[in-house]
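Trainee: Protein chains in written order, with the working numbering: chain A, 1 to 118; chain B, 1001 to 1115.
Since the hints were made in silico from the structure, they are not lab data. These figures come from a predicted structure and were not determined experimentally. Be careful, since some hints might not be right.
[As the list claims (entries may be wrong)] Stretch by stretch, here's where chain B covers chain A in the computed footprint (C-beta under 8 Å, at least three residues):
| id | segment |
| --- | --- |
| 1 | 23-30 |
| 2 | 45-54 |
[Stated by the list, open to error] Facing chain B, from chain A, some residues (calculated, C-beta under 7 Å):
| id | residue |
| --- | --- |
| 3 | G33 |
| 4 | R95 |
| 5 | R99 |
[Unchecked claim] Some chain A residues near chain B, calculated using beta-carbon distances under 8 Å:
| id | residue |
| --- | --- |
| 6 | F12 |
| 7 | F35 |
| 8 | G101 |
| 9 | G102 |
| 10 | G111 |
The beta-carbon is built from N, C-alpha and C at its ideal position, and this holds for glycine as well.
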Amino acid sequence: AQKITQTQPGMFVQEKEAVTLDCTYDTSDPSYGLFWYKQPSSGEMIFLIYQGSYDQQNATEGRYSLNFQKARKSANLVISASQLGDSAMYFCAMREGFRGGGNEKLTFGTGTRLTIIP
Amino acid sequence: DSGVTQTPKHLITATGQRVTLRCSPRSGDLSVYWYQQSLDQGLQFLIQYYNGEERAKGNILERFSAQQFPDLHSELNLSSLELGDSALYFCASNPSDVSGTGELFFGEGSRLTVL
């Protein structure tokens, strides 16, 4: 079974609108972390936001927020007021187990290509 | 700038050849991870080193090998190259401590083209 599933290969969104990128995960470990990375056309991987499995509140970082629904095993990324520069590939990733001691391997989903339309 | 340095940035070679990709992690980071990203694909985990020792292994081919040196830089060796090995190879590092989020800091990648 896939550990990280991103079901939207591509999305087109009008500039200034909000967009939600879907991510579901599968793990039996009670301790895990969920990450979102952005990959623009230039290729680098840019860390956006993190949610720990024991965090009570949804993570927010500027225009990015993570809609964490633990019972549904979903960790959707919400981008508010989208901008042209948001056009990129977005990857959801998961770390299983506690961090530290060399246990930070991430498993990535297949990504969603987001295109912002002017 | 993530602080992770990868060389070379681009590499073009022929089938059957061998190449070495180099990674210098952020200062103080003990863990180095190698990922492969084929065209329009996600990132596939290859291998991880922690403080000089192999810590985790993914679907790394037997033709591929890696090591981490005492100064914590790492090299990924790809041999008997095939067309399908063409990809973007990322190195990432992490301090492997309990502070922060545990995010991986990625280099800019080495783009390998096998002709």
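Trainee: Work down the list of hints and note, for each, if the structure agrees.
Mentor: A quick look at each hint next to the structure:
1. 23-30: violated (count 0)
2. 45-54: With 4 residues closer than 8 Å to chain B, the segment 45-54 of chain A meets the three-residue bar; holds.
3. G33: holds, 6 Å
4. R95: At about 6 Å, which falls below the 7 Å cut-off, the nearest Cβ of chain B leaves the hint on R95(A) intact, so it holds.
5. R99: Holds. Min distance 3 Å.
6. F12: For F12(A), the interface hint is violated, since the closest Cβ of chain B sits about 17 Å away, which is over 8 Å.
7. F35: Hint holds; F35(A) Cβ to chain B Cβ min 6 Å, cut 8 Å.
8. G101: holds, 6 Å
9. G102: holds, 3 Å
10. G111: At about 5 Å, which falls below the 8 Å cut-off, the nearest Cβ of chain B leaves the hint on G111(A) intact, so it holds.
Against the hints set out earlier in the document, violations occur for numbers 1, 6.
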